[in-house]
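S.K.: When you line the sequence shown up against mature numbering (1 follows the signal peptide of the UniProt record, and there is no 0), it's residues -30 to -1, 1 to 137, in that order.
In case anyone wonders, no lab produced these hints; they're calculated from the structure. No experiment lies behind these values; they were computed from the predicted model shown. Any given hint might turn out to be false.
[Stated by the list, open to error] Derived DSSO-like pairs (lysine-lysine); straight-line CA-CA distance at most 27 Å:
#1 Lys101 x Lys48
#2 Lys101 x Lys16
#3 Lys48 x Lys16
[Stated by the list, open to error] Per label pair, the in silico range of CB-to-CB distance:
#4 Leu135 x Glu34: 46 to 52 Å
#5 Val26 x Lys101: 20 to 26 Å
#6 Ile106 x Ser20: 18 to 24 Å
#7 Ile106 x Trp30: 33 to 39 Å
#8 Met28 x Phe81: 19 to 25 Å
Using N, Cα and C, we set each Cβ at its ideal position, and we do this for glycine too.
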Amino acid sequence: MYSSRDFSFARNFVAIILLMIGSAASSQNAVYDIGNYVSDVEASQKFYTSVFGFEVVMSWNEMEVSEDGVDYKTIPHKGVYMRDVNGTHLEFIESGNPENYREVQEPINHFAIRVDDVELTIARAIEAGAKLAIPISHIRIGSLNVRSGFVFGPDGERIQLVEILAE
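Could you put together the complete structure from these sequences and hints?
M.R.: So, in structure tokens, the structure goes:
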């Protein structure tokens, strides 16, 4: 069977390839994608496409990995890669055991998605299975004025929904 080292290498390999794809379009340093382990890739894909309108760029069930670029082996590695209207990418990789992915995701507090109407988006997210994490509040930081609320996504990921009122 495959060792945790195979999967670790595969995760790093995917990240490098996706960074290379992004760097081909631009030589500037920028956040290119946010990767998350999930228990069900299809459920996450449905949630993020129906609630936020993300576009599926590619999906896969396996990948070929090689440490030397010559000898490849195929390993099961199910995932989906999605893009929002601004070009930001989300990558979801399926892991059947939440304990396997919680440890590597613990430092991440949340990720934010800019929306036109925070109330409407929270309602759509809840209708699609999300749970309310933090109710809507108004936040001002300097000249930035937003309405913001948080939901938990299909795998408990904390998603901040931000409606910019003034910058």
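S.K.: Which numbered hints does this structure break?
M.R.: none
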